[in-house]
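Produce the complete structure using the sequences and hints provided.
Protein chains in written order, with our numbering: chain A, 93 to 607; chain B, 6 to 140.
Hints are computed from structural coordinates only; laboratory data are not their basis.
Heads up, some of the hints might be wrong.
What the hints assert, rightly or not - If you only want the chain A side, here are some residues facing chain B, beta carbon under 10 Å, derived: (1) Pro197; (2) Leu199; (3) Pro201; (4) Arg204; (5) Leu260; (6) Asp261; (7) Tyr375; (8) Phe527; (9) Gly528; (10) Gly530; (11) Ala605.
Glycine included, each C-beta is placed from N, C-alpha and C at the ideal position.
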Amino acid sequence: MPRRKILFVTTDQQRYDTLGCNGGTLASTPVVDAIAASGIRYERAHPQSVVCMPSRATMLTGQYPTTHGVWMNGVPLPVNAPSVAAVLHRAGYHTALIGKPHFEPFLDPFLRFAENAIAQHGTTPSGGTHRGFEHLEFATHTAAGPLHYSRWLLAEHPEVIGGFYSVLDSALQVNAAGDGDTGAPQVHVNPVPREWYHTDWVADRTIAWLDSLGADDDWFCWMSFPDPHHPWDPPQSEVGRIDWHEVPLPPGYSTDASDRERIIDDKPRHWRLWYDGELVSNYEAPAEWVPATLTPDQVREVNARNAVECELIDEALGRVLARIDERGWGDDVDVVFTTDHGELQGDFGLLFKGPYHVDALMRLPLVWRPARSAGATAAVVRSPVGLIDLAPTFCTIAGLETPEWMQGQALPETDADADERSFERVLTEWDSELFGVGVHVRTITRGGWVCSAYRTGTVHDGTEGELYDLEDDPLQQHNRWNDPACRSQRDDLLADLWDNQPPAHEPRLQLEAPV
Amino acid sequence: MARGSVRREVRIKRPADEVWAIVGDPARVQEWFTGIDSSTVDGTTCVVTTGSGLPMPEEIVTNDPIQRRFQYRITAGMFNEHLSTIDVVDLGDGTSLVTYAADADPGTMALIIAGAAGSALLELRDRLEVQEEPR
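In structure tokens form, the structure reads like this:
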């Protein structure tokens, strides 16, 4: 009897509220909305890190960043790290990773990281598998670099390469420039035809791989779209879908600068320092961009382009699902859709990401449609779950025992299931040490509260924190950390947070590149 | 932040002179620095070729066997300024401390160089310490 096949769809840096099924109104996402309507939609899914490499390593290993060791972007996941793909492959599944990997740094002039080198040699890794994947075709946000998408563009359509945004500037910093209508950073007019853009390329290559399989094969495909992560340079032919002038400002953005500043002044001080351009704690945001200069129109333009990218992903996913139906697999495929982390898209007057554990970055879209043959019923789960629970979920779908090294558990199918299996809390962590600036945060989300404790670092003395009541303060604008009325709540959450810290990877892995 | 300074280090259970014999010879860098495929030395100039095929011309600034200090500058266009310094320190107990510091503008390149060097130092340690193990 054939086993359930698994299509694991990830995007990069996509907010919860960008999907129609989650209440989003800007982007039209009928494909994911339909998956959610007939599957399980999670309302409180959090990453274990709010940047790419640690978060993706968590999805692959089923471990916390502290344990798998990728404690910040630029720290490579060891090639022999545990991998759910390897578990599935050993069980007889065909396995593929198509799109953005980012388990290892991209900035690699020495070409010493396997994922950057693999594209030079085709799509099948030497030795048969890489991290458990037998087929690899990689892409990232740009047309530059050594990955398969860039090589394909160079070979087939070199004339469009120059139309993509340059993610890094001449100083190799994340680029602060923008040439859209508003001057917003990382907004760019890209004349690339839609069919040559990486979103459609990822879908095309996924379809090609699926077409290479036999009708009775079991398969696990991680289809990993690089968008809607910045740069916001979707094909210009599609930008007109959404007129940025008509885009409403997000509820987390106040047009009153004094109001914005009052809100962030109530948070640990790295918030305000970044807002004023006095401290850049991490490489993921442009060092030369000062958030305080962000204008309402820039927020509108960024959100419009981000929504266009979300629509393109939705349509690309629709093509892949149609092909799956054509192959006759429609009843036997589990589809899981999520992302690695969210994004500040005007919230608090900020863009991009960093050590800011609020819903903009932590509340993720997560939808799981079990194979129809499994007979599951549609549900909405409000209990907290994490990306750490994905790997055990894939094992369960495949009918395999969850390995002991995985630290999560298979996703609940209902809230009652979540209660029964003690889905009480979800943990998120941040560590960064870059050019003399260190920030270390541990966060727990439980019982409708989110609590972040800052360990001693360059700008924190170990006493600061954030505490938000998600029901009364969904925008996390009122930090209750020092509110005496919330003291017992805070202390209880902190005790739970420290009691549940995962074991650390030994030895500590080194930072080897910026990203 | 234009300029960056990043250091990596490793302790190796081998005498400093033995470590220096490799580290102080720029013609042997590809033996321990993963990502460098070849090196050509001509006096105080050296050209290494990276795994991506990128030639990286270097100027050897210091090669001091007494202090066991090696310094070089990458003179390729991606740097406004660069100086890397490798020191092999005799710890007096038959072991060595090797430090690799990269200073560069743009600062991102300091992290890229030192990040790769950190991995290379571990490779150097493993290579030398394995040689020591009894058969």
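Here is what the structure says about each hint:
The beta carbon of Pro197 of chain A is positioned within 10 Å of a beta carbon in chain B (closest approach about 8 Å), and the interface hint is therefore held. A least Cβ separation of about 6 Å between Leu199 of chain A and chain B falls short of the 10 Å threshold, and the interface hint therefore holds. For Pro201 of chain A, the suggested interface contact is upheld, since its CB lies about 6 Å from the closest CB of chain B, less than 10 Å. With a least beta-carbon distance of about 4 Å to chain B, the hint placing Arg204 of chain A at the interface is held under the 10 Å criterion.
Checking Leu260 of chain A against chain B by beta carbon gives a least distance of about 8 Å; that is within 10 Å, so the hint holds. Proximity of Asp261 of chain A to chain B holds as hinted, the smallest CB-CB distance being about 9 Å (cut-off 10 Å). Because the beta carbon of Tyr375 of chain A sits about 8 Å from the nearest beta carbon in chain B, less than 10 Å, this interface hint is met. A hinted interface residue such as Phe527 of chain A counts as satisfied when its beta carbon comes closer than 10 Å to some beta carbon of chain B; here the least separation is about 5 Å, so the hint holds.
Interface hint at Gly528 of chain A: satisfied, since its Cβ lies 9 Å from the closest Cβ of chain B, which is below the 10 Å cut-off. Look at Gly530 of chain A: its Cβ only gets to about 14 Å from chain B, farther than 10 Å, so that hint breaks. A cut of 10 Å between beta carbons decides the hint on Ala605 of chain A: the least distance to chain B is about 5 Å, and the hint holds.
Of the numbered hints stated above, the single one contradicted by the structure is hint 10.
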